[in-house]
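Enquirer: Dock chain U against the given chain Z, drawing on the hints supplied.
Chains Z and U supply the protein sequences, listed in that same order.
Mapped onto the numbering used here, the consecutive letters of the first sequence carry residue numbers 1 to 366.
Mapped onto the numbering used here, the consecutive letters of the second sequence carry residue numbers 1 to 366.
Please note: incorrect hints may appear among the correct ones.
Just so you know, same-sequence chains aren't split out, so a pair can sit in one copy or run between any two.
[Unchecked claim] Straight-line C-alpha distance at most 25 Å; calculated SDA-like pairs for lysine to any residue: (1) LYS192 / ASN265; (2) LYS106 / ASN243; (3) LYS149 / ALA102; (4) LYS214 / GLU235; (5) LYS39 / THR27; (6) LYS28 / VAL52; (7) LYS91 / ASP165; (8) LYS98 / ASN4; (9) LYS325 / ARG156.
FYI, nobody ran anything at the bench for these hints, they're computed from the structure.
Protein chains: 2
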Amino acid sequence: MAVNTILMDFSVKSSKLQNDQQEELLTKVLENYFPQLFKVHSRSIEDGGYIVLFTAHRGSFITARSFPQGLLTINIEYYKNESDEELISFKCITLLEKELAAQFGKVISNKFPPLRRGGVARYFPTSDERILEYDIDALVFEEMSPFQKVQIVHSRTLGNMLILDGLQNLSDRDLVYTETLMQRGKEDYEGKEIVILGGGDGALLHELLKENPKMVLMFELDDVVIKACREHMRECCGDSLDNMKGANYEIVVGDCMQSLEIMINEGRKFDYVFGDLTDAPVTPTPQDETWDFIKLIISTSVKILKPQGKYMTHCCGVACTGAAKMFEEQLLSLNENLEWSTATAFIPSFLEDWLFYQVWRKDPAN
Amino acid sequence: MAVNTILMDFSVKSSKLQNDQQEELLTKVLENYFPQLFKVHSRSIEDGGYIVLFTAHRGSFITARSFPQGLLTINIEYYKNESDEELISFKCITLLEKELAAQFGKVISNKFPPLRRGGVARYFPTSDERILEYDIDALVFEEMSPFQKVQIVHSRTLGNMLILDGLQNLSDRDLVYTETLMQRGKEDYEGKEIVILGGGDGALLHELLKENPKMVLMFELDDVVIKACREHMRECCGDSLDNMKGANYEIVVGDCMQSLEIMINEGRKFDYVFGDLTDAPVTPTPQDETWDFIKLIISTSVKILKPQGKYMTHCCGVACTGAAKMFEEQLLSLNENLEWSTATAFIPSFLEDWLFYQVWRKDPAN
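One chain only, chain Z, in its complex shape:
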């Protein structure tokens, strides 16, 4: 089931029409496109604009709002079953747009593809809150874990996609994400001891195990993520989540902070620690702010690094310069004499470039 919402805009700044003339014109034109058009309500708004509410055939409604800044918006909404004809075709919408623009005096117009509401979620935001509509045709998995809403959906283009609390995390087509996170080809994992914080989708574990490490320990909080990905994200995790323990890896379900404390108490040191938590990490470790938590994660991780060891993590979309600056401030504030390099990669399913950090101690002799 779906409600279709069609949005059209007209920049009418240069139009010489008065509000009542514009409204009259608008009504006349709409009547040609919408049978049973009925002006339900019309009123002036204090700002100098107006709003009109129409109803029309098949239970549709239309609002027209003229803003005094010179923008007229038209919203058309109706219910459409899968088998129903469109109330108004894209071609007709284009004609309507052209006719209105001409009537208003050659104004600039714009329209959105129909937005579909209800049914499987198809729209997810980028890191800078832009909207992307994915070609999602099925909800593959959904479960409310104690920590977050875990969904796996299927996209015709991107394969399966892991969605956590309504945010897109990883798709079958995002190998470049994991390869940039681990700096494949630049870092040597053979015979190395590695910790992954988070990483419940199994993609990083799977790729690291291909490089013959001595041992990989993965600390993931949410068992539901592991369960969902083990079954539905095999393109990413392969068989790495099938067993919680293997010859050279172990998956520990629990709070990574607790696991880190245990490592510190045991005096264990690692060549690499990966921060592969979600961008807004879920945690039972009480913290006021996300940044406090991230700082805690880094400072604790550094304590279990060998002198030449590295902390590797994804950070944010390249567009979010504020977040990157904040991250570097956290690194500096630790007084651990840290240095870092960065790498970026275009992540197919994100439609944006992502920023990754590699952090190490400047003077490992100390």
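Expert: Same frame as chain Z, but now just chain U:
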């Protein structure tokens, strides 16, 4: 300038509330989030649902439409200057969503990131009419040519993007598009004679010239596209559009059908003909339907191919299976004993896989 439109949906199928109870609850909750909320109009719709129109502070308005199929949609709209605070923050929207969902009885809810209307166009459709919001921060070029609206916009992630008649064509980051079209590494262009039909962005010409062809002839209809790309799409076309003629290439501005006819009359034959017209080609050659035009293009192109020559073209988004089938039917209907191979590539700026064809005569001896 921008109008922000916020859309929220609630699947209320399992809710036991009557229309009037639901409306009352809704009004009470909205009052907590929107100062000066005023119910302007409310009415039952014949289908058994209802619609309410509210106005609120800062000239905002809200519609709530309950559809009898079990979906309640809420649309919030207001004008926002660049420097204005949001009328309602994303955090508040999330709270509102949760509160309403709880009040209605644990229903499924969904919300869109705010849609921005007016100003530079940021939203473009994919080939299967999905909406993508690009991080566009500037309109670089705009001119109405005799054939189409030519725009170049700047995206922070993708660089400059060529937009023709409101459809996204090519971005600075789409080298894979051109390389798949020409099957770089699989086809050998050294010393070859080549025709490009269309290709006004110069990307294909630029990449072909790197492979030492004997001669490339490019027939582009729209001089405005060449002019715009020469200046603003240099990441794609390099200096290939700077001169209309070089040692081993020539750009001819005009109807490619006329140019093809001249080639046929002169008896010239080529190793490769590229169909690099837009997906909905603009043409002064009168044709009833796009498919008739595409068929005409292919049949004419085949006439100027050497026996072992190839016709290379982009076709459509992989999702548009109907278009691919139609294309192959055109190939078969030509009775030219054609064979073909296909290739696909994920085009970064499209957020979809694109389909390319390589066509040749089955039995070149005849």
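Enquirer: It remains to establish, for every hint, whether it holds in the given structure.
Expert: Hint check results:
| no. | hint | verdict |
| --- | --- | --- |
| 1 | LYS192 / ASN265 | within (21 Å within a copy, 70 Å between copies) |
| 2 | LYS106 / ASN243 | neither (66 Å within a copy, 36 Å between copies) |
| 3 | LYS149 / ALA102 | between (48 Å within a copy, 16 Å between copies) |
| 4 | LYS214 / GLU235 | within (24 Å within a copy, 44 Å between copies) |
| 5 | LYS39 / THR27 | both (8 Å within a copy, 23 Å between copies) |
| 6 | LYS28 / VAL52 | both (13 Å within a copy, 24 Å between copies) |
| 7 | LYS91 / ASP165 | between (37 Å within a copy, 14 Å between copies) |
| 8 | LYS98 / ASN4 | both (21 Å within a copy, 23 Å between copies) |
| 9 | LYS325 / ARG156 | between (36 Å within a copy, 18 Å between copies) |
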